[in-house]
Amino acid sequence: MTQSLQQGLSHSGLSATRAGLRRLWRRYPLSLIGGFVLISLTVLSVLAPWLAPFDPFEMNVVDRLREPGEEYFFGTDAYGRDLFSRTLYGGRISLLIGLSVAGLSTLIGLLIGILAGYSRSADAVLMRIMDGLMAIPGILLAIALMSLARPGIGVVVVAITIPEIPRVVRLVRAVVLSVREQVYIQAAIATGTRLPRLMLKHILPNTLAPLIVQATYIAASAVLIESYLSFLGVGTPPEVPSWGNIIAEGRLYVQIAPWNIVCPSVFLALMVLSINMLGDGLRDMLDPRLQTRVR
Amino acid sequence: MSNQVATPPALDVVNLSKHYELAGSWFSNKQALVYAVDDVSFTLGRGETLGLVGESGCGKSTLGRTILRLVEPTSGTIRLEGEDITALSAQEMIARRQRLQVIFQDPYSSLNPRMRAGEIVGEPLTNFNRGTAAEQDERIAFLFKRVGLRPDQRQNFPHEFSGGQRQRLGIARALALGPSVIIGDEPVSALDVSVQAQVINLMMDLQDDYAISYLFIAHDLSVVRHISHRIAVMYLGQIVELATRQELFERPQHPYTQALLAAVPISHPRDRRKRITLKGDVESPINPPAGCRFHNRCPHAVAVCSQERPPLRPLSQDHAVACHLVV
Amino acid sequence: MTDNPLLSVDGLTVAFSSPDGPPVAAVQELSFSLNAGETLCIVGESGCGKSLTALSLMRLLPRPHGMIGAGRIMLEGRDIATASEADMRMLRGRAISMIFQEPMTSLNPVLTIGSQISEMVKVHEGLDETACRQRALDMLKLVRIPEPERRMDDYPHQLSGGMRQRVMIAMALVCDPKILLADEPTTALDVTIEAQILELIQDLKQRTGTAVILITHDFGVVAEMADRVLVMYAGRQIEQGTALELFDAPTHPYTQALMAAMPRFNAEGAQTRLKEIAGIVPALHERGQGCCFAPRCEKATRHCFDSMPPLRLMAGEHSVACWHAGSPQERHP
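Chains as they are written, first to last, in the working numbering: chain V, 2 to 296; chain A, 180 to 506; chain E, 109 to 441.
Mixed in with the good hints there might be a few duds.
What the hints assert, rightly or not - Taking lysine to aspartate or glutamate and the EDC-like style, the derived pairs with C-alpha atoms no more than 20 Å apart in a straight line are: (1) K383/E <-> D399/A; (2) K202/V <-> D399/A; (3) K230/E <-> D187/E.
What the hints assert, rightly or not - Some chain A residues near chain E, calculated using beta-carbon distances under 10 Å: (4) V378; (5) N380; (6) T456; (7) K458; (8) V481.
Keep in mind that the hints were calculated from the coordinates and are not lab data.
In this text, a Cβ means the ideal position worked out from N, Cα and C, and glycines have one as well.
Kindly produce the complete structure, drawing on both the sequences and the hints.
Have a look at this one:
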């Protein structure tokens, strides 16, 4: 594992030296595994058009519900579509949703959070709105949005992002509030630092580390929520081969063709698990205090 | 500082107060007031060091931060080199910060852990666009050398320095703009004895070279005695005695000052004696006792002490005391 | 000096296991003894290993990395260095008790102070509830807490720093230990409160006959309290003697420098330069084979960098580890 890991990482050009990697491996073995799995899944998904042996939409009635085998690695579904190809394409949807939800919610949350953390008057109003948002169940919101707009990936992203924003806001606000009380902020003010620089140089960098970690968890949870929503039929349109949709369709045949559920589920679980493992490691790596202690 | 010059003092603080309100409880709307700094007046001459001593909770740090306008004063006046800075807006205050700087106590929390040493020391220069990048760089290198650090340590992060070195960084930062007043908020309290001596010597050398005025806040009387020209003793938000160093140590008048001096550890086992220790704890500045704040712990208190607050009255040109019993 | 000291430490080494490489020694070859009713002060700056020494006497070194590497700590005929955890539980509190710098962190915030002290009595002496409470109350009176009956039911956060330290002392002394181990007990306190606490410790020592090991960085506290003094630097003892010997004739250059670096309270003509010690304490892994103070020492010669000076007896009980410390009157093994 170590061997392949090092190769995998040095190929991707992430880390410079073998020694550095070895140290990283000793300290954060789980996150390295997580990172490796995530990169593999990403490569598989991104290269789906070239890797997939079949068109994921092509139905082949003769080969319905084939067991996994040489021709169809993961078997086929009730319409005779190749599950392996569909799973690869499904990864693209999951990644897209995970990334865009994480990106959108952290960006919006960061802006609102900093505003709330720095201005007392804005804080009262913003935080009540956030409390309200948090009270809305994501699934109901998604259903409501779906009934208002045409179903599509964009709507799913919005539906998942909105309930995530308050979490980010709370995190950022808490960091800003605690950093504001730090003596070095007082020192910066005392040396004549103006507000924009204070924000950019002293406060923002402190929010970044927890934010990146939070973003990984949000990405993982977005991937999961998307699959719930699709499973319930309120997520990505049924013709799109997202993992949730594949599982939802496969559910009908679970007794005679369990691979319909097992294969996409394993991919889903792997992706969520690997993102979370990576996030845990990032949390420790990005904490400068932890780093000095280990040194 | 007896030779009176026409120029105004470096710092002139008149009747300065800082009161905090604590929210009342559910059942009463009576609010508790914290008298952190209460009617404090003093002047700091040019090139002078005024030591400010007192125990925790006496308001000495709040006083320092109020003068720096990091904390908004409740009432009173702060004049920096003759200019009233009490009511300046945060924006207007920025320009004045070039003349008024601060060194904090904790060399660990007062430096941004994510910035490099050179960036920390150079930040004041950036804030005021002092010179070109090359000139700033040169100034930073000079400051590093001046406080006893190697200029090539500029690329290091604060955690790569020892406590004493970090405090030198803090001093270099305070020095960067060439201020006329530096407020030292317990600048050596967190340091080991041998390092403490290095930092005290450095601060005294800098004063000789640049005629900086220090307001030196500390709880350690021996350090304050070493560095100060005059010393103010604070108790529960008020100055109870203000005198030249020699006066204060040779003829302490206020009972609290006397107790404080008696409590200082001795320097040789042969000096062991039965001490006069104060009874009781330092009282809370929340709704402090009426009259003299010290009367509950004072061994000499009489009736008037619990009723009337003694004003800070001059005994001589260089000695003032706030005590009913001193005439 | 009696023939049988209460506590004798012989060649104590405290080591930390390190992730890459062999264990690093933080305290090396420490030997001292403590007689009944005596106050021993261990002085040194941060990082000199004085607190680790205290923790190893209690066998409370931070686990899993800290360990006693070598040496014996003999107390009541038992070797603490090798005693079982069960034995240690009996020794702690009854034979040897410890108080810490910050009393808030060593008191349980959710229990009243009365119940915390009674608990100590119950565990060690198995008395019934009322007897334990009575003992706790007596202890609070002994450490001069005002209104002890009312204070019994207070929680730690309701007390001031000085009061908390009194409670800690009450807890430490409730089972009548032979040794009170105080690690910087007054560092977090104000000067007037520090004076109160030091006076209290001195007074209790006389009343109960407890021996005291006082760990401090402040020579003022040493001058006030110590019968005997042990100076540590970078994990080693460099000078040792009675308080008078040490203050009359500090011999190790480090001790001399440290005393000169203190702003003397009753020194004449202040506003002079303080004597400073150049450089900083070497980190654990930077300690060479020679005298650990050599890089900062004015008197250092080649010899000092090459080999470690042993602790040599100079006069009386005064011993020093320095190659330049004059000629010893007699050589002791």
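Now for the hints, and whether the structure bears them out:
Distance check on the hinted pair: K383/E and D399/A sit about 18 Å apart at the alpha-carbon level, within 20 Å; holds. Restraint check for K202/V and D399/A: not satisfied, since their Cα atoms lie roughly 35 Å apart, outside the 20 Å limit. For the hint linking K230/E to D187/E, the alpha-carbon distance of about 26 Å lies beyond 20 Å, and the restraint is violated. Against a cut-off of 10 Å between C-beta atoms, the interface hint on V378/A holds, since the closest Cβ of chain E lies about 9 Å away.
Hint status for N380/A: holds, given a least beta-carbon distance of 5 Å to chain E, under 10 Å. Interface restraint check: T456/A against chain E, minimum CB-CB distance 5 Å, threshold 10 Å, status holds. Interface hint at K458/A: satisfied, since its Cβ lies 8 Å from the closest Cβ of chain E, which is below the 10 Å cut-off. A hinted interface residue such as V481/A counts as satisfied when its beta carbon comes closer than 10 Å to some beta carbon of chain E; here the least separation is about 22 Å, so the hint is violated.
Of the numbered hints listed earlier, those contradicted by the structure are 2, 3 and 8.
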